[in-house]
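Student: Listed here are the chains, written in short residue letters.
Protein chains: 2
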Amino acid sequence: MKFLVANDDGIFAPGIKMLAETLAPFGTVAVVGPTEEQSGMGHAITVHRPLRVQAVDVIPQSAKSFTVDGTPADCVKMAVQGLGLTPDIVMAGINLGSNLGTDVLYSGTVSAAMEGVILGIRAIAVSLCGPQTYLSTAGHYVRKILLEDPGILNQPNLIPQDGLLNINIPAVPIEEVKGIRVTRLGVRKYENLFEKRVDPRGNTYFWMGGKPQLTESSDLDIDIVAVEQGYVSITPIQFDLTYHSLVDGLQTILNKEYI
Amino acid sequence: MKFLVANDDGIFAPGIKMLAETLAPFGTVAVVGPTEEQSGMGHAITVHRPLRVQAVDVIPQSAKSFTVDGTPADCVKMAVQGLGLTPDIVMAGINLGSNLGTDVLYSGTVSAAMEGVILGIRAIAVSLCGPQTYLSTAGHYVRKILLEDPGILNQPNLIPQDGLLNINIPAVPIEEVKGIRVTRLGVRKYENLFEKRVDPRGNTYFWMGGKPQLTESSDLDIDIVAVEQGYVSITPIQFDLTYHSLVDGLQTILNKEYI
Numbered sequence: 146m147k148f149l150v151a152n153d154d155g156i157f158a159p160g161i162k163m164l165a166e167t168l169a170p171f172g173t174v175a176v177v178g179p180t181e182e183q184s185g186m187g188h189a190i191t192v193h194r195p196l197r198v199q200a201v202d203v204i205p206q207s208a209k210s211f212t213v214d215g216t217p218a219d220c221v222k223m224a225v226q227g228l229g230l231t232p233d234i235v236m237a238g239i240n241l242g243s244n245l246g247t248d249v250l251y252s253g254t255v256s257a258a259m260e261g262v263i264l265g266i267r268a269i270a271v272s273l274c275g276p277q278t279y280l281s282t283a284g285h286y287v288r289k290i291l292l293e294d295p296g297i298l299n300q301p302n303l304i305p306q307d308g309l310l311n312i313n314i315p316a317v318p319i320e321e322v323k324g325i326r327v328t329r330l331g332v333r334k335y336e337n338l339f340e341k342r343v344d345p346r347g348n349t350y351f352w353m354g355g356k357p358q359l360t361e362s363s364d365l366d367i368d369i370v371a372v373e374q375g376y377v378s379i380t381p382i383q384f385d386l387t388y389h390s391l392v393d394g395l396q397t398i399l400n401k402e403y404i
Numbered sequence: 146m147k148f149l150v151a152n153d154d155g156i157f158a159p160g161i162k163m164l165a166e167t168l169a170p171f172g173t174v175a176v177v178g179p180t181e182e183q184s185g186m187g188h189a190i191t192v193h194r195p196l197r198v199q200a201v202d203v204i205p206q207s208a209k210s211f212t213v214d215g216t217p218a219d220c221v222k223m224a225v226q227g228l229g230l231t232p233d234i235v236m237a238g239i240n241l242g243s244n245l246g247t248d249v250l251y252s253g254t255v256s257a258a259m260e261g262v263i264l265g266i267r268a269i270a271v272s273l274c275g276p277q278t279y280l281s282t283a284g285h286y287v288r289k290i291l292l293e294d295p296g297i298l299n300q301p302n303l304i305p306q307d308g309l310l311n312i313n314i315p316a317v318p319i320e321e322v323k324g325i326r327v328t329r330l331g332v333r334k335y336e337n338l339f340e341k342r343v344d345p346r347g348n349t350y351f352w353m354g355g356k357p358q359l360t361e362s363s364d365l366d367i368d369i370v371a372v373e374q375g376y377v378s379i380t381p382i383q384f385d386l387t388y389h390s391l392v393d394g395l396q397t398i399l400n401k402e403y404i
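Going line by line, the protein sequences match chains A and B. Once you know that position 165 of the first sequence is 310 in the numbering used here, the rest is easy, because the numbers rise by one and skip nothing. Once you know that position 4 of the second sequence is 149 in the numbering used here, the rest is easy, because the numbers rise by one and skip nothing.
The following block holds chain A by itself, in its conformation from the complex:
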C-alpha cells in the first residue's frame, strides 16, 4: 500500500514522524508537510504567490519526504498534481491537539485529508487530543485500528470514497483508552474567544483564544463526548456540503424562469 502522509503542524513536528514510522512496516510511505506550522488554516490554498518544494530528510522511514511553503491542502495538491505521486491513501496527522465537532471546519489536518478525497484518493485524519506526552498512545491505536488485521485499511469499504474518516485519540496512557466509538460531530463553543490588550504605543489588539465550553451531553455517539470519556472517536465526514434535504422544498418555492 502506498501512503501519502501530510499534516498541518509542519514537516518537523513529532506527530508526522510518528505516523510515518507507524505506517512504514505496512507499505511505502511518502511524506509532505508544510514548512511552517499551519494550525487553523482550514482548507486554505495559496493562489497569489508561487509555491516552493524542497526534499528533506527528516523522516528516515519514508521513501520520499519533502516540504511545501504553503498550507496543508497545498501540500497534498502539490504531492499529487505537482509531483505526480499516486498514493492509495492520504493519511493526515498525527495532529497534536483535537479536531472535534465544529472545529473540523478550521482544521488543517482534516483539510489535508479532504484534499485527498477531492483528488479521488481515500483519506484518514488522525489527531491526538492533547500534548506530545501521549503520542505513543496515538501511534499504538493507529496500528491497532487501521493497520493490524482486521484493521480498517484492510477493509476499504469502510472508508467512503466521497468522504473521510476523522479519528481522535484521547491523550491518556494506552491502557486507559476505553474503546472505539463511531460518532457524529458535536458542536464546539468557546468562552471569552477574544482577549483585548493594549500595545506599548497605546493601540488595541485582540488575541483569539478562548476555552471550549464543557459539553453537557453524555451521548457517546458525539465525538467530543466520546473522547472526553476516554474513547477513540471515529467520525465519517462527507465532502459534499449540499444541504440535500432542503433542495426539493426550496425548488418548489424559488425556481423561476425569466425573473
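FYI, nobody ran anything at the bench for these hints, they're computed from the structure. Warning: the hint list may mix true and false statements.
Just so you know, same-sequence chains aren't split out, so a pair can sit in one copy or run between any two.
In silico BS3-like links for lysine-lysine, alpha-carbon gap of 25 Å or less [as the list claims (entries may be wrong)]:
| id | residue 1 | residue 2 |
| --- | --- | --- |
| 1 | K341 | K356 |
| 2 | K289 | K401 |
| 3 | K334 | K356 |
| 4 | K334 | K147 |
| 5 | K323 | K289 |
| 6 | K341 | K209 |
| 7 | K147 | K209 |
| 8 | K147 | K289 |
| 9 | K401 | K323 |
The structure displayed is predicted, hence computed values, not measured ones.
Position chain B relative to chain A; hints supplied.
Tutor: Just chain B now, with coordinates in the frame of chain A:
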C-alpha cells in the same frame, strides 16, 4: 433588519460596497472586511498572532465599517465576539468570481457566511461569476431575490439555521439572466493545476492555477451547469459535515469496548 456584510476580496473591493449599498434601504448595515485580499483562504482563522481592528469610512451607506487584518472568518468572529455586534443576518460578498461546486471548500466568502452560522446567525453568500463589469447584475438580483417582496429575507423559513444559502450570479447583462435555479453543488475539476517555472537563480517554483474542466452534464439542478446556462443558482449548504448515512453501519462493525 440588521445586516453584517463581510467578504474575502477585502474592505476596498467593489463587491462589498455594492452589497452594502443594495442592502442599506432595507435595514442597518455594518461592514467588516479583511485589510488584504483573502481569496482561497477557506475557513482559515488566525490563532498565532494578534488581530487589529480599524474603523474605516469606505462604505458611506453603512452605520459602521471596519477592517480586520485577518481572514474572512476572523472578520465575522471579530464583529460578533470581539466587537459585540448583533446582526440578524450575515451577508458575504459580493465576491468577484464564482464559488461553485467543490470550490466552496476553498471559498473565503462562503466561510465568512459559515462563521455566521456557527455563531447562530443566519447567513447568505453571494458571488458574481465573472468580472466587475457585471456587478450591477449581481446588485440587481440581490435586491430582486432577497430583499423586494416576497424576497427570501422576508421568508426566514427559507434560510436554514444550520446552514446557509450560496448564491452565484452569472456575469451577463441583467436582461440575459434566464431565471433562478435551486441547485446542488457540482464537482469542479481543474486541468494543469500547477505550472512549473524556474527563477533567475535556477530554482524551481510552482504556480497554482489551472483551468476548470468543462462540465459534461446538462443537469440544471447542478450549480455549475445552472450558472453556465445563464441562471442564478441558489444552493443550500449545511454546516454539519458528519456523513450521517454511514454512522450506523460503521458503528455495527467498529464500536468496541476495551480494545
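Student: For a quick check of understanding: which of the numbered hints are violated here, in increasing order?
Tutor: Result: no hint breaks.
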